[in-house]
Amino acid sequence: MPIKVYFDCYPCLLRQVLDAVNYLEFEPDTTREILNRSMQDLINMEDNLTSSELAARIHQNIIQKAGGIDPYLNVKEMSLKKAAELYDYARNIITSSNDPLETAIKVCTAGNIIDFGPAADFNLKTAIDQVLKTSFAHFDYEAFKVALRYAERILFLGDNAGETLFDKLLIEQIAKPMDYVVKSAPIMNDALREDALLTGFPDYVSIIENGTAIQGTVLSQCSGAFLEKFKMADMIISKGMANFETLPHEGERTFFMLKIKCKPIAELSGIPFGSFVLKQGGFLHE
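Last residue of the sequence shown? That's 286 in our numbering, and every number before it is there in order.
Check each hint, because a few of them may be wrong.
[Unchecked claim] In silico lysine to any residue, SDA-like type, Cα no more than 25 Å apart, as pairs:
1) K176 to L101
2) K231 to A185
3) K229 to E209
Keep in mind the hints are simulated off the structure, nothing from the lab.
All values reported here derive from a predicted model rather than from experimental measurement.
Please construct the entire structure, taking both the sequences and the accompanying hints into account.
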(Lines of atoms letter the chains of each structure in order from A and count residues from 1; the text may use other names and numbers.)
(Lines give C-alpha, C1' and ligand atoms only; values in the text may rest on other atoms or scores of the structure.)
Protein backbone atom coordinates (compact mmCIF):
# COMPACT_ATOMS: atom_id res chain seq x y z
CA MET A 1 0.00 0.00 0.00
CA PRO A 2 1.23 3.54 -0.75
CA ILE A 3 1.93 5.94 2.10
CA LYS A 4 -1.02 7.97 3.36
CA VAL A 5 -1.20 11.72 4.02
CA TYR A 6 0.99 13.04 6.84
CA PHE A 7 0.48 16.33 8.66
CA ASP A 8 3.65 17.64 6.99
CA CYS A 9 1.90 17.11 3.64
CA TYR A 10 -0.70 19.79 4.41
CA PRO A 11 1.45 22.92 4.01
CA CYS A 12 3.24 21.31 1.05
CA LEU A 13 -0.06 20.64 -0.75
CA LEU A 14 -1.34 24.16 -0.07
CA ARG A 15 1.96 25.60 -1.32
CA GLN A 16 1.44 23.68 -4.55
CA VAL A 17 -2.08 25.10 -4.85
CA LEU A 18 -0.80 28.65 -4.37
CA ASP A 19 1.94 28.08 -6.96
CA ALA A 20 -0.60 26.79 -9.49
CA VAL A 21 -3.03 29.69 -9.05
CA ASN A 22 -0.15 32.17 -9.28
CA TYR A 23 0.99 30.58 -12.56
CA LEU A 24 -2.56 31.02 -13.87
CA GLU A 25 -2.75 34.62 -12.58
CA PHE A 26 -6.23 34.21 -11.16
CA GLU A 27 -8.06 37.15 -9.63
CA PRO A 28 -7.87 37.32 -5.80
CA ASP A 29 -11.47 36.18 -5.36
CA THR A 30 -10.89 33.10 -7.51
CA THR A 31 -7.63 32.34 -5.68
CA ARG A 32 -9.45 32.58 -2.35
CA GLU A 33 -12.21 30.27 -3.61
CA ILE A 34 -9.70 27.65 -4.78
CA LEU A 35 -7.70 27.81 -1.54
CA ASN A 36 -10.88 27.43 0.52
CA ARG A 37 -11.98 24.43 -1.55
CA SER A 38 -8.52 22.88 -1.25
CA MET A 39 -8.59 23.27 2.52
CA GLN A 40 -12.03 21.62 2.58
CA ASP A 41 -10.57 18.73 0.56
CA LEU A 42 -7.87 18.37 3.22
CA ILE A 43 -10.41 18.46 6.04
CA ASN A 44 -12.85 16.02 4.43
CA MET A 45 -10.45 13.56 2.76
CA GLU A 46 -11.02 9.84 3.16
CA ASP A 47 -8.75 7.99 5.61
CA ASN A 48 -7.35 5.69 2.91
CA LEU A 49 -6.40 8.48 0.49
CA THR A 50 -2.73 8.92 -0.44
CA SER A 51 -1.06 12.31 -0.70
CA SER A 52 -0.65 11.76 -4.47
CA GLU A 53 -4.37 11.07 -4.90
CA LEU A 54 -5.30 14.09 -2.79
CA ALA A 55 -2.93 16.33 -4.76
CA ALA A 56 -4.45 15.04 -8.01
CA ARG A 57 -7.98 15.82 -6.79
CA ILE A 58 -6.98 19.34 -5.77
CA HIS A 59 -5.14 20.05 -9.03
CA GLN A 60 -7.98 18.75 -11.16
CA ASN A 61 -10.23 21.27 -9.40
CA ILE A 62 -7.79 24.03 -10.38
CA ILE A 63 -7.61 22.86 -14.01
CA GLN A 64 -11.41 22.76 -14.22
CA LYS A 65 -11.60 26.28 -12.80
CA ALA A 66 -9.07 27.38 -15.45
CA GLY A 67 -11.20 25.96 -18.28
CA GLY A 68 -8.87 23.03 -18.91
CA ILE A 69 -5.64 25.04 -18.99
CA ASP A 70 -2.62 23.25 -17.52
CA PRO A 71 -1.15 25.64 -14.92
CA TYR A 72 2.30 24.07 -15.29
CA LEU A 73 2.52 24.21 -19.08
CA ASN A 74 4.92 27.17 -19.13
CA VAL A 75 6.84 25.76 -16.18
CA LYS A 76 7.43 22.49 -18.04
CA GLU A 77 8.61 24.37 -21.11
CA MET A 78 11.05 26.32 -18.95
CA SER A 79 12.40 23.21 -17.23
CA LEU A 80 12.87 21.44 -20.57
CA LYS A 81 14.72 24.50 -21.85
CA LYS A 82 17.01 24.56 -18.80
CA ALA A 83 17.73 20.85 -19.22
CA ALA A 84 18.42 21.25 -22.95
CA GLU A 85 20.95 24.01 -22.24
CA LEU A 86 22.99 21.58 -20.12
CA TYR A 87 22.41 18.44 -22.18
CA ASP A 88 25.73 18.55 -24.09
CA TYR A 89 27.62 19.44 -20.89
CA ALA A 90 26.13 16.45 -19.09
CA ARG A 91 26.64 14.12 -22.03
CA ASN A 92 30.31 15.05 -22.30
CA ILE A 93 30.81 14.31 -18.61
CA ILE A 94 29.28 10.86 -19.11
CA THR A 95 31.09 9.86 -22.30
CA SER A 96 34.51 11.00 -21.01
CA SER A 97 34.19 9.21 -17.66
CA ASN A 98 35.85 5.92 -16.72
CA ASP A 99 32.45 4.28 -16.19
CA PRO A 100 29.81 5.96 -18.41
CA LEU A 101 26.92 3.88 -17.03
CA GLU A 102 27.71 4.76 -13.41
CA THR A 103 28.16 8.42 -14.30
CA ALA A 104 24.93 8.43 -16.31
CA ILE A 105 23.05 7.11 -13.27
CA LYS A 106 24.45 9.92 -11.13
CA VAL A 107 23.75 12.62 -13.72
CA CYS A 108 20.25 11.22 -14.27
CA THR A 109 19.63 11.32 -10.52
CA ALA A 110 20.86 14.93 -10.39
CA GLY A 111 18.05 15.75 -12.83
CA ASN A 112 15.59 14.90 -10.05
CA ILE A 113 16.11 18.37 -8.57
CA ILE A 114 13.99 19.75 -11.46
CA ASP A 115 10.93 20.19 -9.31
CA PHE A 116 8.24 22.77 -8.72
CA GLY A 117 6.76 20.86 -5.78
CA PRO A 118 8.62 20.29 -2.48
CA ALA A 119 11.79 22.10 -3.69
CA ALA A 120 11.05 24.82 -6.19
CA ASP A 121 14.48 26.47 -6.39
CA PHE A 122 17.14 24.60 -8.31
CA ASN A 123 20.43 25.10 -10.12
CA LEU A 124 20.87 22.20 -12.49
CA LYS A 125 24.56 22.64 -13.32
CA THR A 126 25.40 22.91 -9.63
CA ALA A 127 23.41 19.75 -8.96
CA ILE A 128 25.27 17.82 -11.67
CA ASP A 129 28.64 18.92 -10.32
CA GLN A 130 27.55 18.20 -6.74
CA VAL A 131 26.15 14.75 -7.38
CA LEU A 132 29.40 13.61 -9.02
CA LYS A 133 31.32 14.56 -5.86
CA THR A 134 28.75 13.38 -3.31
CA SER A 135 28.45 9.94 -1.75
CA PHE A 136 24.95 8.54 -2.29
CA ALA A 137 23.08 7.42 0.84
CA HIS A 138 22.32 4.24 -1.14
CA PHE A 139 24.15 3.33 -4.32
CA ASP A 140 23.18 -0.21 -5.33
CA TYR A 141 25.17 -0.03 -8.54
CA GLU A 142 26.48 -3.60 -8.64
CA ALA A 143 22.95 -4.95 -8.21
CA PHE A 144 21.76 -2.56 -10.92
CA LYS A 145 24.38 -3.90 -13.36
CA VAL A 146 23.46 -7.51 -12.64
CA ALA A 147 19.73 -6.82 -13.10
CA LEU A 148 20.43 -4.92 -16.32
CA ARG A 149 22.56 -7.74 -17.72
CA TYR A 150 19.68 -10.22 -17.50
CA ALA A 151 16.70 -7.88 -18.02
CA GLU A 152 14.52 -8.52 -21.07
CA ARG A 153 11.51 -6.35 -20.17
CA ILE A 154 12.58 -2.98 -18.75
CA LEU A 155 10.06 -0.43 -17.50
CA PHE A 156 11.29 3.14 -16.88
CA LEU A 157 8.93 5.20 -14.69
CA GLY A 158 9.44 8.84 -15.65
CA ASP A 159 8.95 11.80 -13.34
CA ASN A 160 9.12 15.51 -14.23
CA ALA A 161 9.13 16.85 -17.78
CA GLY A 162 12.57 18.45 -17.55
CA GLU A 163 14.08 15.19 -16.31
CA THR A 164 13.28 13.35 -19.52
CA LEU A 165 16.45 14.66 -21.17
CA PHE A 166 18.55 13.32 -18.30
CA ASP A 167 16.67 10.04 -18.43
CA LYS A 168 17.63 9.90 -22.11
CA LEU A 169 21.32 10.10 -21.17
CA LEU A 170 20.95 7.02 -18.98
CA ILE A 171 18.79 5.21 -21.52
CA GLU A 172 21.49 5.72 -24.16
CA GLN A 173 23.99 3.98 -21.88
CA ILE A 174 21.57 1.13 -21.11
CA ALA A 175 20.97 0.66 -24.86
CA LYS A 176 18.24 -1.95 -24.45
CA PRO A 177 14.57 -1.95 -25.51
CA MET A 178 12.27 -0.57 -22.82
CA ASP A 179 8.96 1.15 -22.11
CA TYR A 180 9.14 4.73 -20.84
CA VAL A 181 6.11 5.60 -18.69
CA VAL A 182 4.43 9.01 -18.60
CA LYS A 183 1.16 10.36 -17.18
CA SER A 184 -2.03 10.37 -19.25
CA ALA A 185 -3.12 13.91 -18.31
CA PRO A 186 -1.55 16.95 -16.62
CA ILE A 187 -0.53 16.78 -12.98
CA MET A 188 1.92 19.48 -11.89
CA ASN A 189 5.10 19.27 -14.01
CA ASP A 190 5.04 15.50 -14.53
CA ALA A 191 6.02 14.31 -18.01
CA LEU A 192 3.30 13.67 -20.58
CA ARG A 193 3.58 11.91 -23.94
CA GLU A 194 4.30 15.17 -25.75
CA ASP A 195 7.19 15.94 -23.37
CA ALA A 196 8.71 12.51 -23.98
CA LEU A 197 8.30 12.89 -27.74
CA LEU A 198 10.12 16.24 -27.65
CA THR A 199 12.98 14.55 -25.82
CA GLY A 200 13.76 12.36 -28.83
CA PHE A 201 14.35 9.00 -27.19
CA PRO A 202 16.16 6.30 -29.21
CA ASP A 203 14.02 4.10 -31.47
CA TYR A 204 14.21 1.17 -29.04
CA VAL A 205 12.17 3.15 -26.47
CA SER A 206 8.37 2.87 -26.47
CA ILE A 207 6.46 5.67 -24.73
CA ILE A 208 3.47 4.39 -22.77
CA GLU A 209 0.96 6.03 -20.41
CA ASN A 210 -0.03 4.73 -16.99
CA GLY A 211 -3.67 5.83 -17.34
CA THR A 212 -3.64 8.42 -14.54
CA ALA A 213 -3.15 12.09 -13.76
CA ILE A 214 -1.66 11.27 -10.35
CA GLN A 215 1.90 11.88 -9.19
CA GLY A 216 3.88 8.70 -8.70
CA THR A 217 2.50 5.27 -9.53
CA VAL A 218 -0.68 4.47 -7.60
CA LEU A 219 -1.30 0.97 -8.95
CA SER A 220 -4.94 0.87 -7.86
CA GLN A 221 -5.65 3.80 -10.21
CA CYS A 222 -3.55 2.73 -13.21
CA SER A 223 -4.90 1.33 -16.48
CA GLY A 224 -5.11 -2.38 -17.17
CA ALA A 225 -2.71 -2.03 -20.10
CA PHE A 226 -0.09 -0.41 -17.88
CA LEU A 227 -0.60 -2.91 -15.06
CA GLU A 228 0.10 -5.74 -17.48
CA LYS A 229 3.39 -4.08 -18.48
CA PHE A 230 4.21 -3.47 -14.81
CA LYS A 231 3.51 -7.08 -13.92
CA MET A 232 5.62 -8.48 -16.75
CA ALA A 233 8.67 -6.21 -16.25
CA ASP A 234 11.77 -7.95 -14.94
CA MET A 235 13.52 -4.63 -14.22
CA ILE A 236 11.92 -1.32 -13.23
CA ILE A 237 13.84 1.96 -13.12
CA SER A 238 11.87 4.45 -11.06
CA LYS A 239 12.58 8.19 -10.99
CA GLY A 240 11.58 10.69 -8.36
CA MET A 241 10.10 11.11 -4.89
CA ALA A 242 6.50 10.40 -5.87
CA ASN A 243 7.30 6.98 -7.33
CA PHE A 244 9.45 6.19 -4.28
CA GLU A 245 6.56 7.19 -2.02
CA THR A 246 3.81 5.32 -3.88
CA LEU A 247 5.74 2.06 -4.44
CA PRO A 248 7.26 1.45 -0.99
CA HIS A 249 6.80 -2.35 -1.07
CA GLU A 250 8.37 -2.94 -4.48
CA GLY A 251 10.98 -5.70 -4.47
CA GLU A 252 14.44 -6.25 -5.86
CA ARG A 253 13.51 -5.82 -9.54
CA THR A 254 12.93 -2.10 -8.89
CA PHE A 255 15.67 0.54 -8.65
CA PHE A 256 14.70 3.95 -7.28
CA MET A 257 16.68 7.02 -8.36
CA LEU A 258 15.95 10.28 -6.58
CA LYS A 259 16.86 12.99 -4.15
CA ILE A 260 15.08 12.69 -0.78
CA LYS A 261 13.10 15.95 -0.58
CA CYS A 262 10.37 14.98 1.88
CA LYS A 263 11.01 14.83 5.64
CA PRO A 264 8.28 12.24 6.44
CA ILE A 265 9.70 9.91 3.77
CA ALA A 266 13.22 10.54 5.07
CA GLU A 267 12.05 9.46 8.53
CA LEU A 268 10.12 6.43 7.26
CA SER A 269 12.93 5.22 5.03
CA GLY A 270 15.79 6.03 7.36
CA ILE A 271 17.51 7.86 4.49
CA PRO A 272 18.83 11.34 5.39
CA PHE A 273 16.86 14.29 4.06
CA GLY A 274 18.57 15.81 1.02
CA SER A 275 20.44 12.61 0.09
CA PHE A 276 20.80 11.22 -3.42
CA VAL A 277 19.77 7.59 -3.82
CA LEU A 278 20.05 4.62 -6.14
CA LYS A 279 18.16 2.06 -4.08
CA GLN A 280 17.19 -1.49 -4.94
CA GLY A 281 13.71 -2.22 -3.59
CA GLY A 282 11.19 0.03 -1.85
CA PHE A 283 11.82 1.36 1.65
CA LEU A 284 9.12 -0.93 3.12
CA HIS A 285 10.20 -4.00 1.14
CA GLU A 286 10.98 -7.02 3.32
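Original post:
Do the alpha carbons of K231 and A185 lie within 25 Å of each other, as the hint requires?
Top reply: holds (22 Å)
Subject >> Distance restraint between K176 and L101, which requires alpha-carbon spacing of 25 Å or less >> reply: Holds. K176 to L101 sits at ~13 Å (cutoff 25 Å).
Original post:
K229 and E209: Cα distance at most 25 Å?
Top reply: holds (11 Å)
The structure is consistent with each of the numbered hints, conforming to all of them.
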